[in-house]
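J.: Residue numbers (my numbering), protein chains in the order written: chain P, 14 to 190; chain H, 1120 to 1432.
Relax, there's no trap hidden among the hints.
Subject to a maximum C-alpha distance of 30 Å in a straight line, what follows is the list of computed BS3-like cross-link-like pairs (lysine-lysine): (1) K174/P to K1133/H; (2) K1203/H to K101/P; (3) K1214/H to K101/P.
In short, the hints are calculated from the structure, not lab data.
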Amino acid sequence: MRYAMAVDTKKCVGCSDCVVACQTENDVSIGYCRDWVVEINHGTYPQLETEIRSERCNHCDNSPCVRCCPTGASHYSDGGTVLVTKNKCIGCSACIESCPYDARYTHPDGYVDKCTFCLHRVKKGMQPACVAVCPTKCMYFGDLDDPNSSVTKVLKIRNYKVLAPEAGTKPNIYFLI
Amino acid sequence: MKEELIVSGRMNAKIDPVLHAWGWEISVYLFLGGLAAGLLFFAGVYYLLGKAKKYPTAVRKAPVLVPIILALGLFALFLDLHHKPYFWRLYTTVKLQSPMSWGAWTLMVVTPISMIWAAINIREWLPNWDWKFQWAKDIEKFFVGYKKHMAWLMVIFGVILGIYTGILLSAFNARPLWNTSILGPLFLTSGLSAGSALIMLISKSKKERKVFAQIDLILIGIELFFIVHMFMGFMASTQVQQEAAQLFLGGHLTAQFWIFVVVLGLLVPAALEIMELRKIHIPVLVPVALILFGSFMLRWLITYGGQLSRYLY
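Put together the whole structure using the sequences plus the hints.
T.: In structure tokens, the structure reads:
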């Protein structure tokens, strides 16, 4: 089982509904977010191109955060999901420094917090909150080992990229381009 | 033109607008750890070379300060932790892939040894020291018999402690400014230089001061070579590292780096030490203070600057 997500940059309108859904579902502390929306504008007028991406933890196969964690609090869980065990985390911030995507932050209670791929929902057969709520249906979540999952199917027929592949992290969030 | 905006308005504390998860606490610890490593290394080496009588400050007097320096450094580290009640979790795991884990275990070895070495040499500072209890005297006597073993551990773990402060940062490939293996040797050299400077300050013997001034001059030379080497590596590397190096080569930390680290922290004290060796008297506090200041600024600017450097995508 290898959980992955695909985000269609051609369909995303940058409404930030995914961000609010995540904050509500996961009771994210006020002033923090586990996912966010980036808008990138290339070129000069009138040749402008816009790309909009909903970003979050990449749940990398080769996670620098898991590697550098001195206590084993950051670990791989079901389907390669990267999680943090609260009562093992000492709040040293090493994982925050190690993440090329700046996907982690220190929770006001002291431990490190991040996207969990909504594993509590996924285990019940539901989609992660951000995917479920997306009004343009631009996000696909599923198991890459399952040939019938929506994410496997869409990655077969579309071009895609991952962020900073040169960092060697083997990320699992794919951006359809 | 390329413009990138987080349109959902992310403003996670210490992550946005620029990463600043590690502040002064880490720089202070890296500096004090390096200084302690330097003192332990020289104490061990000169003890093993049988020069305890010739260089009493390096072998006996200066290392008494190490437990205090380490305690201050560890306190700074503790302040940096955000989930403090769980700090003991460091000692329920050994994670070889994590430099911070083996740093924690190194400190677990170095701290008690430095305490024992300080205890058996405490009379260097307090000549009338009396352990009062017979059992304490027995323990002291026991450890005096193992000085040679301890000296070996001090040399080996001194080097590991000194080099680890650099490796801790260089293991993060997400921060291109840190991601250079030269950082380990550079911080080790800088720590040894800080150690030799402190020995010079404490020492009352002219001969010992002269030797450590000479050692320090060599270390400063090596440090300058490593710094040049580091920038050569960056300039020959990928775009992210070239941009990271720009922070110090025209970017907004340029003045701080070249003035505080290179000129005031290395070149000026080297010149003053050369003058002293040529018999032009310079108050020893001046070069020593400059070296310690430069050593701290190197860590501070690398820690701070590293968090400004990142992958672009």
